[in-house]
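Let chain C serve as the given structure and place chain R on it in line with the hints.
One letter stands for each residue in the lines below.
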Amino acid sequence: VTDKFTPQELDSIERLQSLKPVPPRSPTHAERGKAVFLFQARQIYRPVSPGGFLRLNGWKRLLQRPRLRRSTLTISLLLAFLFLTASSTVYAAQQSLPGDQLYPVKLRIEDVRIALSNQSATALALHLDFAQERLVEMRLTSLPGDNPEILLLEENFQTHIQVALRLAGGDRDAQNRIQELIDEFDLLTGKQESDGSLDDLESPDITPQDLENLENLENQNQEETPEDQENSGEDSESQSSNSSEPDQSDKDQSDSEDDEPDPPEGGFDQEEEVEE
Amino acid sequence: LKTSEAELLSEAKKFDQSALANIYDTYSPGLYRYAYRQLGSQEGAEECVAETFSRFLDALKRGKGPNQHLRAYLYRTAHNWITDQFRRRSPPIEPLNPDIHSSPGQHPEKITDAHMTNERIRTQLSQLTPDQRQVLTLKFIEGWSNEEVAAAMKKPVGAVKALQHRGLKNLRKRMKDDFEDRP
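So the sequences go chain by chain: C and R. For reference, each letter of the first sequence is one residue, going 1 to 276 in the numbering used here. For reference, each letter of the second sequence is one residue, going 1001 to 1183 in the numbering used here.
Any given hint might turn out to be false.
[Unchecked claim] Straight-line distance between alpha carbons at most 35 Å, and here's what the computed DSBU-like set of lysine-lysine pairs gives: (1) R:K1154 / C:K34; (2) C:K60 / R:K1155; (3) C:K4 / R:K1154; (4) C:K34 / R:K1155.
Derived by calculation from the structure, the hints in this document are not laboratory data. Predicted model, so just to flag it, every value in this text is computed and none were measured.
Chain C with its partners taken away, still in its complex shape (with noise of 0.2 Å):
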């Protein structure tokens, strides 16, 4: 004590000192007093946690304030309406066809889909289902050929083949199912041009079994070919042995009807023999 004290202020420093002697504390209950104290600390601290839900307190306590609790239904029944709009609204725009309501939104869609696409293999097979998907709006669409709703999808078309054309490289698959798209495009064009209408794509003068028909005969004509071939060869070796003198001799029947003939040795004779 540095501080400057009365001598009345000394004397009763002077009585409290005389607390300052204190009898040794008991060992047994300072060891006590310290196990009880580890012991609370222990039932205090829980090393494993109560889980996931129950720690949520703060937000528990949030949600259940009754004015948020009320806005909380709100927004939630919101969302779930906005979600099933949406939802339905996506689904609709999948069955559209040129000239709906929904079309555009199906094509916005589209494109979407095509920019989340982060490989190229995925973009190639989404372009060329994208296509395909043209051609089948293009045999369903009662639009005619003209309307610009069908120029547009024929343009979609196009920019699609385009870019899987650009996609595809060397993949000899790819390549072939863009050929096929192609034709079918084209065939689908043509007809549309023709009478401006896709009902009657099927010609009413030749039915699918006069087109089996046809091919028929020609495949009887490649086969009859070869042996025809064989047979005149073998009459050829009897009477040459060159190969090419049928040919030859053809030619100069040909060649005899078609040009002036020349008379030949006692030829003229014998028909005038026969008229006389």
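The following block gives chain R in isolation, referenced to the frame of chain C:
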């Protein structure tokens, strides 16, 4: 302390048993003496120590507790507990220890007189205001500096000096009245 007070408190807030045991071993003897000097009872002093550390654990459990000045925090907690005891009842007078009579070189009558005198001083001390009693106890019995007392009481040093002056004056008056009444 093997580690700094800040590190010890940081570990204690994680309820590290080693850190808590270290804190108990470091501060419980002083807290026991502090409580005994005011209560004059070994049982009361043990109870004060146990309650002080229990409140310390409760504070840690609530995410509170001191970030520094751990000793000041523990002594402040002990002081509050002792003040509550003084408000509820008069401090019990400890019965004479039978071992005192067998202490060599000390006359039993003098020992008894000293014991009675100390009890009268404790009673006079307990009649001061809590702040005055805390200042006088920490400074003149525990031997703390003005700055340490100020940190424990969360008051400026000037306020501590003023409390010390008024406390000594008040205690002097009570001592004078008491010793004059009972010479």
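Hints, one by one, checked against the model:
no.: 1; hint: R:K1154 / C:K34; result: 28 Å, holds
no.: 2; hint: C:K60 / R:K1155; result: 40 Å, violated
no.: 3; hint: C:K4 / R:K1154; result: 24 Å, holds
no.: 4; hint: C:K34 / R:K1155; result: 31 Å, holds
Of the numbered hints given earlier, the model fails hint 2 alone.
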